[in-house]
Amino acid sequence: MSLFLETGYTSLNKKDEELCGDKVETIIKDDQITLVLADGLGSGVKANILATLTSKILCTLIANQVSIDECIETIIQSLPVCKVRKVAYSTFSIIHINDQGHGYLFEFDNPQAIYIHHGSCKDLNRESLNILNKVVYKSELNLSVNDHLLIMSDGAIHAGVGSTLNFGWQRDDIKKYIENSDIDTASARALAWFVAKACHDLYMGIPGDDTTIAAIKVKRIEKVDLLVGPPVDKDNDNYYVARFLNNDGKKIVCGGTSSQIVARYLNKEVKTLFDYPDKDVPPIGHIEGIDLTTEGVLTLKRLLELSKRYLSISDLNDKRFKAKDGASLLADMLFEKATHITFYVGQSINIAHQNLPIDISMKIKLVESLANDLRQMGKRIVVNYD
Amino acid sequence: MMKITVCIGSACHLKGSREIVERLQALIIKQNIADHIELKGTFCLGNCAKEGVSIMIDDQYFNVSKENIEHFFNEEVLIRLKAQ
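Keeping their order, the protein sequence lines are chains W and V. Per this note's numbering: the first sequence = residues 1 to 386. Per this note's numbering: the second sequence = residues 1 to 84.
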């Protein structure tokens, strides 16, 4: 069975710093993902340079199947030596895994990774390797569906030191915090946010150290087909609707006219309610046999705002979508759940919309931006223009 | 039973259909005629080019704005209801 890998991370910058001294780098190559989290010595520009070099070099080399020994050697030879401290140093965690959940984890001086299986947090077996006098831990990964692997910089376990907590947020406490929640059912991005948000709170909003949480999740493939806008060729409405319905994903219809075309084809009625969970988003509709029916352009516009927030690595708003307005329901299905999304974009011009801020060029632009954001989230996207 | 259908599509949403719905709901409660009226929403009725929000009483079209909603309610809804 083919599975899907999803990654996500959230970073908090140390107080008063513009740059983060932690860096996450990801490379997707064929069926493999390589993800590196590096934490450079110090903070600010210096740390950022060290972490950027380390993550970039390691990620590129490991993704190209270079051995860990050679990687470490390359890092030692390339990192600039700090004038003050006379050392060149950056910690790292490397996940190298294929879409069957098999692979390796290498860790050097970062807090030990947390493996989350069926809602409980476990430690992986680690083998210690001595490479050029550095101790690097290696773990074999065999993740199954819905498992998460969480890696972090030491800013996480230092959260709240001396203020809210005497000794910081110990790794065991982080594990308990995750176990006492239902966050393991959410995406990798949401899990990373969830832990980072707690760190932010423990630091009382003023992080004493750069803090980064990254996660990887193995998912079952979940396809979604989204129809937006009626096709130009009016006489062939049925052909386009049939093609949309015959694909094997969950079904979403965005737009008033589109939903009427689909309902007519299915011989059903579009039902709408007067529920306005959010006053700026028009109410959703219901068509029997369709998973979600919403209004078009205004809802998509809000969805795009949500996607910018969802993609941000520093935004601390909840990455899960629990509100019941059309845009939030779309966000939950598309951002949190889906892995493969096919768009069916009808380009017919609604004459009545021409002098309103909801015309066709607006719609096409929204769909394009949305598709790009979804690609950045790691989803596989296909866009058909009809 | 009289059926009042209010368009909540994109264009009508921008023209204030949410407020129109709230006003109608309030007026219906005030007149105590909820048992005689089925108020529902629909996506685009295809009348976006006209001023105001598209509303249908049974099969007849109206275009109603925030300004004339009371007039519409008194002159169209209540009078029809009495005639029934």
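Hints should not be assumed to be uniformly reliable.
Claimed, not checked - Computed list of lysine to aspartate or glutamate pairs in DMTMM-like fashion (alpha-carbon distance at most 25 angstroms, straight line):
(1) Lys-3(V) with Glu-288(W)
(2) Lys-3(V) with Glu-70(V)
(3) Lys-268(W) with Asp-59(V)
(4) Lys-268(W) with Glu-51(V)
(5) Lys-40(V) with Asp-235(W)
(6) Lys-251(W) with Asp-235(W)
(7) Lys-271(W) with Glu-22(V)
(8) Lys-271(W) with Asp-35(V)
(9) Lys-279(W) with Glu-38(V)
(10) Lys-324(W) with Asp-59(V)
(11) Lys-66(V) with Glu-288(W)
(12) Lys-279(W) with Glu-75(V)
(13) Lys-271(W) with Glu-19(V)
(14) Lys-379(W) with Asp-332(W)
(15) Lys-219(W) with Asp-59(V)
(16) Lys-324(W) with Glu-19(V)
(17) Lys-40(V) with Asp-30(W)
(18) Lys-176(W) with Glu-222(W)
(19) Lys-271(W) with Asp-59(V)
(20) Lys-308(W) with Glu-222(W)
(21) Lys-66(V) with Asp-359(W)
(22) Lys-56(W) with Asp-109(W)
(23) Lys-40(V) with Glu-269(W)
Simulated from the structure, these hints should not be mistaken for laboratory data.
**Request:** Against the earlier hints, flag every one the structure doesn't satisfy and list their numbers going up.
**Result:** 4, 5, 10, 11, 12, 15, 17 and 18
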